[in-house]
Structures are given as structure tokens and as C-alpha cells.
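Engineer: These are the residues of each chain, in order.
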Amino acid sequence: MNYSGLKIFWEGLTGNKGWNKVWKEPTPKKEYDIIIIGGGGHGLSTAYYLSNKFNVNNVAVLEKGWLGSGNIGRNTTIIRSNYLLPENQPFYEFSLKLWENLENDTNYNSMVSQRGVLNLFHSDGQRDAFVRRGNSMILSGADANLLNDVELKELCPYLDFENARFPIKGALLQKRGGTVRHDAVAWGYARGADAKGVDIIQNCEVDGFIIKNGKCIGVETNKGVIKAKKIASCVAGSSGKLMSKAGIRLPIESHVLQAFVSEGLKPILDNVITFGAGHFYVSQSDKGGLVFGGDIDGYNSYAQRGNLPVVEDVCEGGMAIMPMIGRARLLRMWGGIMDMSMDGSPFIDKTHIKGLYFNGGWCYGGFKATPASGYCYAHLLAKDEPHPVAEDYKLDRFLKGKIIDEKGQGAQPNLH
Amino acid sequence: MIIQHPDLGPRDSSEFVYKGDAELLFRPERTENADQEIFHDYLYLRNNPAGKHRELWYHEYGDRSWLVVTRDTTNHEILKVEYVKDYIKSYKVK
Amino acid sequence: MYRIKSGGLINRNKELNFSFNGKNFVGYEGDTLSSALLGNGIHLVGRSFKYHRPRGIFSSGSEEPSALVQLEEKNFTEPNIRATTVKLYDGLVSNSQNHVGSLSWDFMRINDYLSTFLSAGFYYKTFMWPKAFWEKVYEPIIRNAAGLGKLSKESDPSKYDKGYLHCDLLVIGAGPAGLYSALIAARTGAKIIVVDEDFILGGSFNGENININDNICSDWVKSILSELNSLKNVRLMSSTTLYGSFDHGIYGALEVKSYNSKNTITKPRHILWKIYSKFSVLCTGALERSILFENNDLPGIMLSKSVRHYCNRWGVIPGNNISIYTNNDDGWETAKDLKKAGCNVVCIIDQRSNIKPPIENIDHILGRNIVKAKGNLRISSIKLDNGRIINTDCLAVSGGYNPNLHLTCHQRGKPKWNEVNHCFVPHNPPKTMEVIGAANGLFNHEEMFNDSKIKLTKILRNLGFRKIAVEKVNISKKVYQISPFPKKIPEGKIWVDLQNDVTVKDIKLAVHEGFHSVELLKRYTTLGMATDQGKNSNVLGLSVLSLIKNKTMHEVGTTIFRPPFTPVPIGAFAGRSRGKHFKPFRLTPSHNWAKSNNAVFVEAGNWLRAQWYPIKGEKTWRESVDREVIQTRNNVGICDVTTLGKIDIKGKDSGAFLNFVYANNFGKLPVGKVRYGLMLRDDGIAFDDGTTARFSENHFVMTTTTANAVTVFRHLEFCKQCLKPDWDVHLISTTDHWAQFAIAGPKSRKLLQEICDPKIDISNDKFPFMACAKITVLEGIPARLFRISFSGELAYEIAVPRRYADFFVKKISEIGKKYSLVPYGTEALGVMRIEKGHAAGNELNGQTTAHNLGLGKMVSKLNDCVGNTMSERDELNKDDALKLVGFIPTNKKQQLVAGSHFIEKGQIANLENDQGWMSSVAFSPMLNHSIGLGYIKRGNQRYGEKVNAVNPLKNEITEVEIHSPHFYDPEGELLRG
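Chains as they are written, first to last, in my numbering: chain Y, 8 to 423; chain V, 5 to 98; chain D, 411 to 1387.
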């Protein structure tokens, strides 16, 4: 079924009775070519690109809860490719390009909105680092602009230029960055994969891997044994928990990241804004809520909820740069589990167990990576070779010393 | 969260800085062969259980002690708090 | 629709003026904005989110989904205020929100007439063509239509504050269960805190007309409050909403001091409390829910209990001809109270057929359902399933009660469905919380008091309070019997979520399309995502879902309730930490002296440091900085370097410890000497650098960079306590105890000789480069002197106890006059270190190795030190690795730009050809041109080669020559002289 304004008009006139199920709800087959564990953004995107770009259709996505119940359902919806390091920048730029064409690809309006992402800087040293970064972005084909305080003030007059503890001196702007309606991404990919014959199986939890002679040949689930030629883990947040069932230790810690939304407000904020001297970033959703967040709580957690110190820290950051939001009220706070890797960068790789593949370690930046992560994982699964823009996301990079540490914090996951 | 400091009693977790898996206490020694793989496993492959976790917290805004906190990562319940030196002692006894 | 002449908890002698949409009205002390509006006959107060349907006052509490108003004006204006929670004050100004045109004639109502095209999730299926139209046309329209109230776009002028509280027992909710629990606990002497969101404590008992101990229940409330008020161990907090439950018995509460902004510029508007409790009891009662029928969203349709409370507590009868629609006994209580107050009760329609009317003398229709309400901006009639039409201007609806159990879910407790009372009840609340009364699904007062008695006795015993005296309560046993949800859903436009306009049709469509898990349903339809977070809509929506899916409510389950219970202003969470008070300032010991020398200050972390010291006639910062550099290099300069981290290291194993934490050797450092040290992280990347001096065999003094002072100290404590617990090493941070100054320049020795006490010899022989000593200066002030140089000049750093710093710096600048001593700031410091090729923050950015820095040979191969093994990994030691070198522009007039990337000449500027980047630049007044430091592949082998420094951000390409990083005095003769 093709979605369009015309279709809506027709359905409206005929009582909205002709809409199809967005996805089937099949019972699992005995065997597939590829099983993707995890029906979140990355898993569904992998399934979508496998079936739509690599012609691999005999695929199942196993989701332990409801479709999109992972971090695709609880993030702050920002997309951008303003990375510094050559191992990251091309990957995220590839992702941004996929975002830009997502609606056309999937015939699903996930509301990609390139409202511009601003990273504020507050000192000369920070400006130098942003110049380096902005130039890295342009050199790899992305867009970047450096704004001084005057230019920034024109764009965001509500920022506190007069009374700030850390003066706002300018910003690095990526105009093509922005926001996306996060749940719709999962639904669009699921619909597109489903249409090509991918089985999306909800409420199907993987209890273990079937490994014979060093090769993974299937999984045990609450819906029985399902076999496959290749098994692809894609459960960022729960990577540690899942992979331990295959006896694999990962360079990953699980941490809780909180996010916040305010009550609905009339438009007040056009861009995505990130504070450079505290932990705060914000955008306004199409519904009118201020969607904002900050730092992770900082301790290992699988509890999907956080504590007050971070809530206060984030709101202090918000008031520090835009004191107009004091009377906006925080409506809901929630927590998601992050795969915090040892250098802040992800993994898309084979494991040492044949037939078992791994995608994870996205830290709190997985949302923007969703299309490229799925595309590159699909590439790896279909061709057994890494996609060129993701070839450095290897599990053995720490052994070799090929660290991809954007923030320069070292093997301390809670600082990335 | 509240951490029951062995001597200072209940303290708010915001007085502490978190480091991570208490296995970091058991750093390998550099040997002739300078075994990078042993250091790699020590530094990068840490325990990350969904459940009971022994972890290092530093009382930075307090007495500067490093503590081993045993905490359930699924519900944040704290089961035990020890000084590092006491933990190492009991670990060695084991 | 009128005020009753007497009764209730308002003061009819105290009139309060207020306005709504520009019209002036009068209310009374004790009113809420909503009771005052209803008292003036106003029902229509807003518009819904999507279809812009008219919205009236629906409830009388914080769960209100519809009566959201814009409170106050200009920079005080606050959006989305629930009229039901605002205590009326004189001069209150309120306006309706979210409409185009007037409130009663909203142009956006067109959405309502087009609603068939705007079904659940329609926007995911359209607005995709033409592509550019999404951002240019469709999205801006959607954004402007969405949202509710408005922010002023100006800085929030009010003050907010925060506080901590501690108690044995926290009582959440001061209704009958809460007050009774509080009384039992208070009499044991336990330290208790009672919080309630209402501005009058008493909860539902303030609005009920029932007898307890033979008196009206509000009198019982008064008597208990007076006892609690008399006890020192009790803190009663009204207008205080407990918004969140966090780990280990920590709760967040918001106390609303005033909605009237006039009072909040100097005094706090809200106080954010963090309450640390040993145990808590949740006594938050229950919230009534609506019933599904067509047009059940019309103004004038209200919750039954709220209608009763408006009557009993505020003396307001919200209609002239009120009907009641119920599926349980509680609806009859409303009928009874209204009738008693003299209101015309048209009739009560009860869905149940097989009941005996609990109240007599009221016209009733049993076993019937309302299928439709009619009316334009206000309900005018209802139609029953037998076709009968009843004219009514207010309909009180009672669809049963939902325990107010949100706070049991904040730590992920999952409620269970109760088949008797047809509601979710708490399950797995936090370990130190007990749920009492209606919040636990007990809707009978007698049961509730018993529940409280039993649970409190146990809780208090466990807390160590043994003397428990229980107050007797006589209350008539009230039956609560309710019919299950109907097995058939009526047709037509039926509202589930009043604010977000989610209808039964939307739920049906969503389920049909596959969104039938509760979470998917919520996300697809926005059910429960309004400002009430599903308090009114959640269970109704689930009942529809359970019917469509033919599953029990338990199987369907609920979405997760997350904090906050009701919305909390962001300003309250920030408290005083805003503006200049966002973070504390750290001031250097010479701050006042610098200020008096006209210094311009710069933020360096939390420090404020002097950046440069302009003098008369200087127009640009460069003029000042150039002068400071030249004068320092020609004569002598002084700079406060106290911000560097300073760590005293003592103990037998200090030398071994330094060998372990530094990459280079320190064990053999002679007493009286200083050495440069490079510290690696455990992953082998450069962490920090600085100098460490040895004052005696077992006493070292380490300096760190300003930026890493805290993290280095933490790291050393880790190394000491965790990795080398048996070593005799003692660490203490002395950053704030010693004021330290760099005194640099050819005349620095002469100047120092004048301040050093006479017997101290600092001649080049006796006190050569890298010497250190404990000395006295200015007649006995203890000092530590180090002959170290960041500037490349003959230079010293001298530390004095902080309390002498002001005196010291004043004195030395006075004495220094004859040597033309110049104070220099961080800019000149930076210029001089770049001229000398020293790495600083821009170079030590956590991504570079000793190898990159050109210090690879320093890293110990023999000893075990932090990071050396991991620094030997292959990828960190490649032949074409980045090397830190210097750069000069070929055209000396050109300015270099930090952050430029290096591209070989003739090559295209792209990622593939990227050879490195410029990390720091400065204008060298000594060389009279721009110089830079940067990392470039194999840089140390490429001196003299020309490459392009590209800055595509500004479309700049500058040809530069690769140079040694040592621009000034490369042989280092000056600093040894």
C-alpha cells in the first residue's frame, strides 16, 4: 500500500476502513538465512536494507518486547554528522545522507527536519577545537559553519549573552543536522522490511545461542529454537547481557541516560542547541515539547531510570544558556540503557564465533546512526565484508591501539 | 542514591565519583614480554552484569577514600560497601 | 450555576478580583481559579490540542486535562497552568490558550470538521511530496498549530530555591489516610514530614459532606491538623507536590510558594525539596475517571466527585440543571450533596440495572447508557440508549476510581488489575514505601482507616518506635460497588484523551494497523502523552484496547508512569544555579591585585584568570599582549600560576610511586631538583604534564595542568589506594594552600634576590636551572622556589602560603618597578609557550601519545608504569604518525588559524589527503609574525617543507612551512643563563 495525501483523502471519505496492517505478525519459521536479534531502530534498519538494498529477504527480526521498544523509543531524536575523527565522520555523514532521503526510500513520513544543530563554544580553546572539527566535516563532504557571537545572536536572540557564567562566544552550526520523529523511523523501516518478506516477530526473547563447533547456528527463544546461517546481535543497551549468553565479553559498560520533555509550547526554539560549558542540549518537537537531555548518570545500570543529581544538572545547564525556559515545565523524565564503549565509538563487526555478528556500543549517539548502522550491518551480513565507512568499528581495535576517541577520555566509558 | 560509607555513614552519591568494575583493582604487572593482551583484557573487558556488581566509587567530596560498592544494576540496591583495602584483603583470603 | 450563600472553605468576606480573557471577575479567598470561574458561570476555558474543540473545567484537581490557562502577563507569563490548582489571588490575570481568533470562535476548529482526514498517525502517511515542502510548508504549519501555551521569550524573572529535608517517615498526601497515618506516627515521636499538593491539607475530606466521630469530616481534619501543628517532630507542607520517587528513599518535592509573581522577584516562587526518608507511606487517594459516549468532551461534562467538591468546598454549583451519569455508588453521593445544597438535580443515570438506589428521593434511570451528548460550547442535552433525550447544562460523570499510584511506579513497579474494584492497584512499590487507603484500591473509609492502623504499627515498629497509640475513628461504612466496563463501545466521536484529542476511533485504527501493544498504541495515537500524562485517559484507553483485543485488562497492562507526578518548572530544578551563579567562581590569590591593575579576566574552568592587563592608550588586546611578552622577554614579568594543580607527595615509597605514575623516571631525581614529568593514562595516551620537585628524600611536590588538577589527584589516589595499597605514600592536594607565581625574564634573578631573605643564594651556580628549595622571602615568609621556565626565559616559580599572596604580589610589584616588572596574563603566557613549542591543553587533548608529542623517548621501557605497555600498541606507533611541530606562514603577513588542516600542496582538500591539524597559533611579537604548533604526519622529518593549511570553514588556504616547534631560543640558552 502506498501512503500519500490522496490515499488519506480517499480513506477519509470512506471511513478509514481500507488501511492495511503496517506489518504482519507471523509465527517464526524454523530457519532463516539471517536472524537479527533486536527489533529496535538499528535492527529494523538492518532488516530494511538487507531486504531492500541487498536482496536478502529470508530474514527474521526477533524483538523481546514491542517493536521499537529499545532506544529508538526513548531518545532525543537528534541527527547530525558533526564528528571530528576520520573513522567516524564519513560514517555519520553517510547516515545523514540516508536520513535526507528516508521518506522517499520508505514511503513513510518520519519527519526528518533539518533545523540546524548548534554547538556553542565559550572559550578560545573550544573555538579552536570546533574549527578543527568543522574543517574535518567539510573535508569529508559534510556541511559546517562557524558563527561568531554576533551571527549567533541573530539566530538565537534568547541565549544569555549578557549574564552567562561562561560567555557564549559563538557556535559551530551544521545546518543539515536536525531532528526526526523517532518512533516513526522504526515503523517506517519495519513496514518497508515487512513488505519485502522479512518476518518481524515481537515478544520473542532470545534465551541463548546454539553454538556447534565454534559456529553459531541458531538461537533458543521463548518461541522455540530458530535456526539461521547468520545471527546478528543488534541490541545496544543490552549487548552485554545478550552476548554473555554466547560467552563473549565486550569492551562495553551499560549506563543509564536520562532524557526529558516539557509540556507543549508554541514554537520558541528552531534549532538543536548544545551547551559547551555544561551538560545540556535541547530541541523543540513538532508537538511543541522541549526535548532535552544532558549527561549520563555515570554508574553501570540496567534499570532504565535515573536519579535527581543529573536532572538538576541538566536543568541548570538549560537555565544557564536560555533562562527563558524557567517557566516551561518538565513533563516527563525517563531513562534508557546505553552501550557505553571504551572509546565512545561503536562496533559493527563479526565476532570470533563464526556466524555470530555484533552491532552495538553506540553510547548515547545511536539514534542518528540508525540508517547507516543498518546499512553497514546489512552490508557486512550480506557480503561478509565491512562497508567502507564502517570498517574501523572493529571489536579488536583496542588490542591494536586503533582507538576512536572523539572526546579524548580514554578507557572510562562514563566520560564519553 | 545513598552510599553507606563504612565510617561516615549514609552519604549522597553525588559526593562520589564513579570509576567502574572493581576488577580494575587487579592490574597486571608489566613483564619482560610486556603482554599487551593481558593489559587489554584488564583495561577493556570489564564485568558488566545485569545484577550484582562490585564497583569502585571515590569519595571525592568527602574523605577521598576509594570504596568497593556491591550494587544491583537492575534496581540500584546497594548490598555492601567496603574500603578497597578491606576488599582486597577478603579477596585474597578467598 | 451559582454560589451557595454559605458553607465550604471559602471566606465570603474576602473578595478577590481577577480577570480571564480580559474580563474582570470576583472570587473569594479559598477559591481556586477554576472554582472562581465556575462561580462566575464560566465553563469554556480552552481548546483541545488537535481538533481545537471547546474545553471546559473537567476536574477539581491536579489531574485536570482541559482547563489549562496562560497565567499572568509579559515576562511573568506562564503557560499551561491548570486552573484547578491555582490558589486565587487578588489581581490574577489569566487567558485562554491555543486558539486562532477568540476562544468561542476558534478558526482552527476547522480541524474538527476535517477530522476524518486527520485520524491517528495520518501525518506519517503524507506530507512527503514534494520533498522540499515538508520543511518549508507542512512542518511550519504543524508547528504553529501544535503546542499549547506560550513562553515570554524573556529571561524568567523569578527566584527559585532548593532545600534538603530528612525524616523517619514521609507521609505523601494529607487526605484522611495521610492525616490519620501522620497522627499515629507523630504521637510516637518519629520525625515526620507530611506533604500535599493542595493549599489546604485534608484531601478529599475538604470536599466531602460525611460525618466522622459525629462531626463533619472537615472538622475532623481541623482537629488532627491542630494536634500535628503542635508537635515539634512534625513538618506539615501544603502546596507541596511530591513529584518523584528515587533510589533509596529519596523523594523530590515542589513547594509552590506563590503563583503571584509580584512576590517572586526577591522571594522564591517555588522551592525544590529533596526529602531523604527512612520510610514513606503513599496516601494519595484515587482519581475519578470518565465514561465513554459520543461528545463526552463537551464543556459542562465534569467528573462527578469534582462537581461534589465544587459544591461542598467552594460553594459553587456548576450548573442549573445537573445530571449525573455513573457506574458506581459514588455518583449517588454527588446527587445527594447537590440536592442538599439546593441544586436542581435532573436525574441520575446508572449503568447498573440490578441495584437498589443507594440514595432515595432522586430521579433515577437504571440500566441505561448515555450514547451522545449535544451542545456547542457547552453541553445542552444528553441522549440515552433508549432514545430518550434529557436537557441538562452540566453532566457529572463517575466512571469509577483509579488509585493514584504513580509514585509506586517511578522505580518501575508495575500495577496489577483488580477485578473487584475494576482498577489498577499498586504492585512492587519501592522497598521503603507502603501504600495506604484509596491509593491502594481501598475505597471504603472504614477499611482505609484499618489499613492505615495495621500498616503504620508495623512500619513504626520497624523504625524502632514502640509506643504506638491509635486514635479511634467512627465513620459510617460506605459501600463502593462498580460495574465492569461495558462490553460494547458506543459509536461516534468518543473522547479518550481530552487534551490530545484521542478518540475511540483512533484506538480502533491503531490496533487495526498493528499498534496494539500499549506502548505502541500510546506512541501512535499520543494517548496519555498530554500534560496529565494519562491520568484521565490511560485506563479508559486500555479498556477500549482490551475490548478490541478481547484480552483482560491485566493482559493489556499499562504504560509506565514516569516522574514527575505533575509538571515541574525547569527553573525550579535549576534553583539558584543560573546566570553568574551557574557555577561557583574560583579566584586566584592575586585576583584583587590584578583587578586593581585593570586586568581583563577569562574563565578557565571555574577559575577566573587575568587574561591581559591593558594600559592607557592600548586599543586592542594584541597591543597589550605583545607588550607583556616583549617586556617580559626584555626585562621581567609576573604571572599568577596558582591554578596549576599542586600535590604534596610524602612517604618512603614516594619515589617508586612517581616512577609508577609518570612515564619517565623520578626515583633518581636528586633532592633539590625539579624534573618535567609526562603522565600517561592507563591506555597509554598522554594524560597530563607538569613538574615535580624533590625537597627531601621522601617529599615531592607535583604540579599538574590547571585543567587536570582534579582528575590527576583522583588518579593518584586510585593508584595509591587501589593499585599500590601497601606502599608508604601520602597525598594531599595543596592547590589552594600555596599561591604560586611565575617570575620570568632576564631580570628575574635580580628581582628575586631583592625579596629573598639575605642568606639565600640564588646565583646560577648555587641555584641552577631545575633547582628547587624551601626558602624565606620578605623577612620570613616561607616560600618554595623552583627554577623552572614555561616562557623560555631565565625564570622561577615561587610559592607562598596563600594568606601572604596579596601582600607578596603587591610588594614584589613595588620592588619590581625598577626592573620594569610587568604583570602578564594567560594570553602572553600562551604566546610565550607557543614560541617555545611547549604543549598545552590544545595539544594534550586526550587523543595524543608521547610519540605524537615528540616525547616518545621519555617513556620508560624498563619499569612498569601506568600506560607504558598500552602505549606500545602497533597502531599508536606507526611510522607515519602525527608529530607535533611548528609552522610559519610563507607570507609572513598572513595569520595562521588554529583548527586548520594540513594538505600537501597540489592536492585536493579532502579527508583522504588530510595530514593533520594546527592545534595552537599565536602572533609572536619577538619574530613579528604568526606562528603555530600542530600535528602533521612525520612532521619531525619534514622541517622546511611547505604545505597548505586549509580552513574551509572560511574558505582560506595559507601556505605554511614546517618548522621546529622551538621558535624562540631553540638551544635553550636563556633559561639556563
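No lab work stands behind these hints, which were simulated from the structure alone.
We put the beta carbon where it would ideally sit given N, CA and C, even for glycine.
Treat the hints with caution; some may be incorrect.
Here are the computed lysine-lysine pairs in the DSS-like style, where the Cα-Cα straight-line distance is at most 25 angstroms [stated by the list, open to error]:
1) Lys1302(D) / Lys1356(D)
2) Lys24(Y) / Lys903(D)
3) Lys541(D) / Lys14(Y)
4) Lys903(D) / Lys104(Y)
5) Lys1267(D) / Lys409(Y)
6) Lys888(D) / Lys746(D)
7) Lys24(Y) / Lys918(D)
8) Lys1288(D) / Lys409(Y)
9) Lys1302(D) / Lys24(Y)
10) Lys1356(D) / Lys414(Y)
11) Lys918(D) / Lys887(D)
12) Lys24(Y) / Lys203(Y)
13) Lys824(D) / Lys841(D)
14) Lys903(D) / Lys14(Y)
15) Lys824(D) / Lys248(Y)
16) Lys1288(D) / Lys407(Y)
17) Lys688(D) / Lys868(D)
Anything over 12 angstroms on all C-beta distances counts as not near chain Y; from chain D, calculated [unchecked claim]:
18) Leu478
19) Lys497
20) Phe517
21) Asn554
22) Leu561
23) Asn754
24) Asn764
25) Pro767
26) Ile775
27) Ala879
28) Asn1002
29) Lys1026
30) Thr1030
31) Glu1033
32) Lys1134
33) Met1280
Engineer: Run every hint past the structure and note whether it holds.
Structural biologist: Hint check results:
1. For the hint linking Lys1302(D) to Lys1356(D), the alpha-carbon distance of about 14 angstroms falls within 25 angstroms, and the restraint holds.
2. Restraint check: the Cα-Cα separation between Lys24(Y) and Lys903(D) comes to about 16 angstroms, which is no more than 25 angstroms; the hinted pair holds.
3. Our distance criterion of 25 angstroms between C-alpha atoms is met by Lys541(D) and Lys14(Y), whose separation comes to about 17 angstroms.
4. Note on Lys903(D) and Lys104(Y): the hinted pairing is violated, with a Cα-Cα distance of about 42 angstroms set against a maximum of 25 angstroms.
5. Of the pairs offered as hints, the one joining Lys1267(D) and Lys409(Y) holds, with about 21 angstroms between alpha carbons and a cut-off of 25 angstroms not exceeded.
6. Restraint check: the Cα-Cα separation between Lys888(D) and Lys746(D) comes to about 14 angstroms, which is no more than 25 angstroms; the hinted pair holds.
7. Distance restraint check for Lys24(Y) and Lys918(D): the Cα-Cα separation of roughly 10 angstroms lies within the 25 angstroms cut-off, and the hinted pair is therefore satisfied.
8. Using a Cα cut-off of 25 angstroms, the hinted pair Lys1288(D) and Lys409(Y) holds, with the two alpha carbons roughly 11 angstroms apart.
9. The suggested pairing of Lys1302(D) with Lys24(Y) is violated, with an alpha-carbon distance near 75 angstroms, which exceeds 25 angstroms.
10. Distance hint between Lys1356(D) and Lys414(Y) is unfulfilled; the C-alpha atoms sit about 30 angstroms from each other, more than 25 angstroms.
11. Distance check on the hinted pair: Lys918(D) and Lys887(D) sit about 41 angstroms apart at the alpha-carbon level, beyond 25 angstroms; violated.
12. Of the pairs offered as hints, the one joining Lys24(Y) and Lys203(Y) holds, with about 24 angstroms between alpha carbons and a cut-off of 25 angstroms not exceeded.
13. For the hint pairing Lys824(D) with Lys841(D), the CA-to-CA distance comes to about 14 angstroms; that is within 25 angstroms, so the pair holds.
14. Distance restraint check for Lys903(D) and Lys14(Y): the Cα-Cα separation of roughly 22 angstroms lies within the 25 angstroms cut-off, and the hinted pair is therefore satisfied.
15. At roughly 22 angstroms between alpha-carbon atoms, Lys824(D) and Lys248(Y) fall within 25 angstroms of each other, so this suggested pair holds.
16. Using a Cα cut-off of 25 angstroms, the hinted pair Lys1288(D) and Lys407(Y) holds, with the two alpha carbons roughly 11 angstroms apart.
17. For the hint linking Lys688(D) to Lys868(D), the alpha-carbon distance of about 14 angstroms falls within 25 angstroms, and the restraint holds.
18. Once the 12 angstroms rule is applied to beta carbons, Leu478(D) is inconsistent with being away from chain Y; the minimum gap is 9 angstroms.
19. A cut-off of 12 angstroms between C-beta atoms confirms that Lys497(D) is not in contact with chain Y; the least separation is 17 angstroms.
20. Under the 12 angstroms C-beta cut-off, the non-interface status given to Phe517(D) relative to chain Y holds; the minimum distance is some 15 angstroms.
21. The claim that Asn554(D) lies off the interface is violated: its Cβ sits roughly 6 angstroms from the closest Cβ of chain Y, which falls inside the 12 angstroms cut-off.
22. With a closest Cβ-Cβ approach of about 5 angstroms to chain Y, Leu561(D) is found to fall inside the 12 angstroms limit, against its non-interface label.
23. With a least beta-carbon separation of about 38 angstroms from chain Y, Asn754(D) lies farther than 12 angstroms from that chain, consistent with its non-interface assignment.
24. At the 12 angstroms boundary, the C-beta of Asn764(D) stays outside the reach of chain Y, the nearest C-beta of that chain being 37 angstroms off.
25. Every Cβ of chain Y is farther than 12 angstroms from the Cβ of Pro767(D); the closest lies at roughly 41 angstroms, confirming the non-interface assignment.
26. Every CB of chain Y lies more than 12 angstroms from the CB of Ile775(D), the least distance being 32 angstroms, so the non-interface label holds.
27. Ala879(D), annotated as away from the interface, keeps every beta carbon of chain Y farther than 12 angstroms; the closest lies near 36 angstroms.
28. With a closest Cβ-Cβ approach of about 20 angstroms to chain Y, Asn1002(D) is found to remain outside the 12 angstroms limit, as its non-interface label requires.
29. Here Lys1026(D) stays apart from chain Y, with its beta-carbon at least about 25 angstroms from theirs, past the 12 angstroms limit.
30. Non-interface status of Thr1030(D) relative to chain Y is upheld: no Cβ of that chain comes within 12 angstroms, the nearest being about 15 angstroms off.
31. With a least beta-carbon separation of about 18 angstroms from chain Y, Glu1033(D) lies farther than 12 angstroms from that chain, consistent with its non-interface assignment.
32. Remark: the non-interface label on Lys1134(D) is consistent with the geometry, its nearest Cβ contact in chain Y lying 19 angstroms away (cut-off 12 angstroms).
33. Not every CB of chain Y is more than 12 angstroms from the CB of Met1280(D) (nearest about 7 angstroms), against its label as outside the interface.
Against the hints set out earlier in the document, violations occur for numbers 4, 9, 10, 11, 18, 21, 22 and 33.
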